[in-house]
Amino acid sequence: MWLRNNQVAVLAGLTVVLMAAALALIFFWVPNDADQGFSQRIFYFHVPIALTAYVCFGWGALKAFFHLWKRSPGADLESYVAIHQGVIFGALTLITGSLWAKVSWGVWWTWSEKQLVLFLVLFLFYAAYFMLRFSVEPGPARANLSAVYALFGVVLIPVSFLAIRLGERYIHPVVFSSRGPQLADSMLLTFFVAWAALLALAGTLYRLELLGKRLDAELRELKEALA
Amino acid sequence: MTSGEKYVAAVYGIVFLFVLAYVLIMATKLARLQREVGELARLVRSRLQVETEAPEQEEVAVG
Amino acid sequence: MKRYLQDVAVLAKKDLVLELRARDTVPAMLLFVVAALVTFHFALPARSSDLAAKGLLWIALIFTALLGLSRAFAAERDQRLIDGLLLAPCDRSAIWLAKGIATLGFLTVAELVALPAYSIFFSGIDGATIAGVVLVDLGICAVGTLLAAMASVSRARELLLPLLFLPLAIPLVVGGVGASVASGTGRYLGFLALYDALFAILSWASFEYVVAE
Numbered sequence: 001m002w003l004r005n006n007q008v009a010v011l012a013g014l015t016v017v018l019m020a021a022a023l024a025l026i027f028f029w030v031p032n033d034a035d036q037g038f039s040q041r042i043f044y045f046h047v048p049i050a051l052t053a054y055v056c057f058g059w060g061a062l063k064a065f066f067h068l069w070k071r072s073p074g075a076d077l078e079s080y081v082a083i084h085q086g087v088i089f090g091a092l093t094l095i096t097g098s099l100w101a102k103v104s105w106g107v108w109w110t111w112s113e114k115q116l117v118l119f120l121v122l123f124l125f126y127a128a129y130f131m132l133r134f135s136v137e138p139g140p141a142r143a144n145l146s147a148v149y150a151l152f153g154v155v156l157i158p159v160s161f162l163a164i165r166l167g168e169r170y171i172h173p174v175v176f177s178s179r180g181p182q183l184a185d186s187m188l189l190t191f192f193v194a195w196a197a198l199l200a201l202a203g204t205l206y207r208l209e210l211l212g213k214r215l216d217a218e219l220r221e222l223k224e225a226l227a
Numbered sequence: 001m002t003s004g005e006k007y008v009a010a011v012y013g014i015v016f017l018f019v020l021a022y023v024l025i026m027a028t029k030l031a032r033l034q035r036e037v038g039e040l041a042r043l044v045r046s047r048l049q050v051e052t053e054a055p056e057q058e059e060v061a062v063g
Numbered sequence: 001m002k003r004y005l006q007d008v009a010v011l012a013k014k015d016l017v018l019e020l021r022a023r024d025t026v027p028a029m030l031l032f033v034v035a036a037l038v039t040f041h042f043a044l045p046a047r048s049s050d051l052a053a054k055g056l057l058w059i060a061l062i063f064t065a066l067l068g069l070s071r072a073f074a075a076e077r078d079q080r081l082i083d084g085l086l087l088a089p090c091d092r093s094a095i096w097l098a099k100g101i102a103t104l105g106f107l108t109v110a111e112l113v114a115l116p117a118y119s120i121f122f123s124g125i126d127g128a129t130i131a132g133v134v135l136v137d138l139g140i141c142a143v144g145t146l147l148a149a150m151a152s153v154s155r156a157r158e159l160l161l162p163l164l165f166l167p168l169a170i171p172l173v174v175g176g177v178g179a180s181v182a183s184g185t186g187r188y189l190g191f192l193a194l195y196d197a198l199f200a201i202l203s204w205a206s207f208e209y210v211v212a213e
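From first to last, the protein sequence lines stand for chains A, B and C. Residue 83 in the working numbering sits at position 83 of the first sequence, and the numbers go up by one each step. Residue 50 in the working numbering sits at position 50 of the second sequence, and the numbers go up by one each step. Residue 203 in the working numbering sits at position 203 of the third sequence, and the numbers go up by one each step.
Calculated from the structure, these hints are not laboratory results. Heads up, the beta-carbon is just placed ideally off N, CA and C, and yes, glycines get one too. It is possible that part of the hints are untrue.
Claimed, not checked - Here are the simulated EDC-like cross-link-like pairs (lysine to aspartate or glutamate), alpha carbons at most 16 Å apart as the crow flies:
#1 K102/A x E5/B
#2 K70/A x E208/C
#3 K223/A x E36/B
#4 K14/C x E76/C
#5 K223/A x E39/B
Claimed, not checked - Facing chain A, from chain B, some residues (calculated, C-beta under 10 Å):
#6 V8
#7 F18
#8 E36
#9 L43
#10 A54
Given these sequences and hints, build the entire structure.
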């Protein structure tokens with residue numbers, strides 16, 4: 001009962017535990033990568049952040065679908081907050097990815113990292129989501145438009161990835177090689193713990209933001225009722 | 001610190017800063033919500049006072 | 001089904017006839033695409049290859065299409081005709097299909113001028129490029145019509161449409177440029193067909209929510 005009433009607190013607690021475990025594994029346990037050395041540890045945050053962003057966009061699209069199909073109340077707000085989270089994690093992906101490119105290959109950006117290019121395209125797409133939302137009055141129209149756009153986004157993710165792969169064949173040949181494919185078991189474990197920690201973090205921030213926005217809405221209702 | 005270590009520190013540091021920025025934004029939002037709730041509470045209190053005072057004014061006997 | 005297609009035909013004919021009378025969108029697109037191609041000549045330094053010019057052809061097409069799309073719902077919006085359209089007892093998606101067909105028509109007319117102009121200014125156009133153009137046109141009209149309807153609901157209209165459209169157009173550019181430039185055009189044309197199928201279905205299914213009230 002207490003667990004259900006304090007969902008945000010439980011999530012936050014889980015995040016703390018997972019994050020502590022992840023950081024401990026990353027910095028005190030997992031061995032250095034044979035090829036890339038110490039800087040390979042960026043990978044333990046960079047890739048899970050990217051994956052978490054995808055999860056956020058997917059969740060946003062799911063809520064959008066519920067809004068359109070089932071007319072679930074509040075689904076529009078949840079979709080918006082999820083996509084907002086996705087964009088934040090997407091920006092983080094681009095930043096950490098850029099840092100990784102700099103330390104691995106000496107450049108701040110490379111078009112040969114498909115994941116980075118995909119995130120750039122998605123970032124543009126979801127940034128336009130916010131432009132769309134802010135240029136329409138709040139109401140059912142805005143909710144519907146946002147929901148349809150969110151669905152387009154989630155279809156765009158695999159299509160863009162395919163496009164980028166196809167594009168590489170005629171654009172400049174791949175100069176840098178990606179990270180080594182074989183991950184030792186210890187590295188795999190660390191990766192998954194880190195991913196779980198970041199998912200929990202995303203979930204906590206998502207719930208927090210939803211809480212804040214719902215409070216806002218209720219307060220506004222109260223104000224109007226009393227005025 | 002080697003340059004590799006610097007970049008690793010930068011990556012984890014930036015993630016931390018993002019979360020911290022979130023905390024700051026939430027804090028300002030909470031402060032604003034607190035202010036608005038306070039105003040609403042004052043509004044409700046003054047309304048309640050008006051209601052408790054009003055009945056006293058009705059006890060006017062007409063001769 | 002027959003009724004549906006009749007509705008689509010009526011709506012599409014209306015748009016085409018209106019354009020035939022007003023003659024504002026298509027001439028503008030024609031002029032724009034030729035002007036763009038001329039501008040590209042000045043944007044290509046001396047040792048640029050034919051390939052670079054081929055890439056620019058697709059940019060010209062995308063932006064010409066944007067020009068046409070921004071006008072797609074202009075008449076309905078300005079004269080509040082969208083309410084009349086919505087009252088019509090037809091499936092909302094028929095509006096999307098009809099508008100898409102009309103836009104496709106305008107775009108095709110523009111390309112009938114653009115492609116010969118390109119081969120005169122730069123280099124020849126081969127069959128693969130033409131196939132690519134056809135498939136890209138279908139994709140542009142499918143997605144663009146829906147996005148144009150979205151943009152027309154918002155305050156920012158002309159500003160919003162390019163922002164919404166360009167990220168979705170990137171796969172089309174890849175498909176088109178790949179078809180005209182790379183070896184193995186088959187996979188690029190196949191990719192374009194996939195894009196068209198996916199997004200046409202999605203647009204068709206979700207259009208009614210875009211114009212709903």
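Output the numbers, in ascending order, of every earlier hint that fails for this structure.
-> 10
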